[in-house]
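**Student:** Kindly generate the complete structure, drawing on both the sequences and the hints.
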Amino acid sequence: MKKDINSKDEEVINIDENEQTANNSCDSDSSSNCGEECQTDSVNTEIEELKAKLEEKNLQCEEYKNAVQRIAAEFDNYKKRTLKEKEALSLDAAIDTVNTILPVVDNLERALKAAEEMENNPLKEGVEMVMRQMMECLEKLGVKPIEAIDNPFNPELHNAVMHVEDEEKGVNVVIEEFQKGYTMKGKVVRHSMVKVAN
Numbered sequence: 001m002k003k004d005i006n007s008k009d010e011e012v013i014n015i016d017e018n019e020q021t022a023n024n025s026c027d028s029d030s031s032s033n034c035g036e037e038c039q040t041d042s043v044n045t046e047i048e049e050l051k052a053k054l055e056e057k058n059l060q061c062e063e064y065k066n067a068v069q070r071i072a073a074e075f076d077n078y079k080k081r082t083l084k085e086k087e088a089l090s091l092d093a094a095i096d097t098v099n100t101i102l103p104v105v106d107n108l109e110r111a112l113k114a115a116e117e118m119e120n121n122p123l124k125e126g127v128e129m130v131m132r133q134m135m136e137c138l139e140k141l142g143v144k145p146i147e148a149i150d151n152p153f154n155p156e157l158h159n160a161v162m163h164v165e166d167e168e169k170g171v172n173v174v175i176e177e178f179q180k181g182y183t184m185k186g187k188v189v190r191h192s193m194v195k196v197a198n
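Residue numbering for the sequence shown follows my numbering, beginning at 1 and increasing consecutively.
Just so you know, the hints here were simulated from the structure itself, not pulled from any lab data.
Glycine included, each C-beta is placed from N, C-alpha and C at the ideal position.
The calculated DSS-like cross-link candidates involving lysine-lysine, where the alpha carbons are at most 27 Å apart (straight line), are:
hint: 1; residue 1: K140; residue 2: K185
hint: 2; residue 1: K180; residue 2: K144
hint: 3; residue 1: K124; residue 2: K144
hint: 4; residue 1: K140; residue 2: K180
hint: 5; residue 1: K180; residue 2: K124
hint: 6; residue 1: K124; residue 2: K140
hint: 7; residue 1: K65; residue 2: K51
hint: 8; residue 1: K65; residue 2: K53
hint: 9; residue 1: K65; residue 2: K79
hint: 10; residue 1: K140; residue 2: K187
hint: 11; residue 1: K187; residue 2: K80
hint: 12; residue 1: K113; residue 2: K169
hint: 13; residue 1: K124; residue 2: K113
Cβ pair distances, simulated, as ranges:
hint: 14; residue 1: K86; residue 2: K113; range: 35 to 45 Å
hint: 15; residue 1: L141; residue 2: H163; range: 25 to 35 Å
hint: 16; residue 1: E147; residue 2: G126; range: 25 to 35 Å
hint: 17; residue 1: A72; residue 2: E109; range: 49 to 59 Å
hint: 18; residue 1: K187; residue 2: A73; range: 28 to 38 Å
hint: 19; residue 1: N77; residue 2: A115; range: 53 to 63 Å
hint: 20; residue 1: K187; residue 2: A67; range: 36 to 46 Å
hint: 21; residue 1: P155; residue 2: Q60; range: 52 to 62 Å
hint: 22; residue 1: F178; residue 2: K144; range: 12 to 22 Å
hint: 23; residue 1: K144; residue 2: T82; range: 22 to 32 Å
hint: 24; residue 1: E156; residue 2: M134; range: 21 to 31 Å
hint: 25; residue 1: V104; residue 2: G170; range: 32 to 42 Å
**Tutor:** Laid out in structure tokens, this is it:
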């Protein structure tokens, strides 16, 4: 009898051990499953954080790019504006210089007018040569005489000092020029001093 009881106890112990082993294996399976899920969650969270950081950095890069483009455009505008100002200053300086030369040109013209009737006069030929050279120099600088006689009066180019009634001429027509006017690169250096009809 005792042997039977002992053998039954052993069977019970064996069954308990088997159940415990089974339970332990279930526990280990569930813990490994839980560990994998926890790992996946943490990786997903990390990926989301990295995506957010990347988006933030992309926005920063876009801001920096826009700032650089804006500064480059401002610098380009500054260079163009500076170049225009330089050109305007150099043109103004050149106009001032030409204005100091124009009285000499006027005197040469008067000398040639006074010597119109002289022929084969070396003095007249010398003055003509100087006058030609002077006009070539002015032309190289971009200085051009204003055409006035028989042209309509233009207050931007002409300075009217006399006005006469003449039925043969049209309205507001320049009939005489007292002093020649000049332009330089499209800018008036000196207005023509003129007489206007009607």
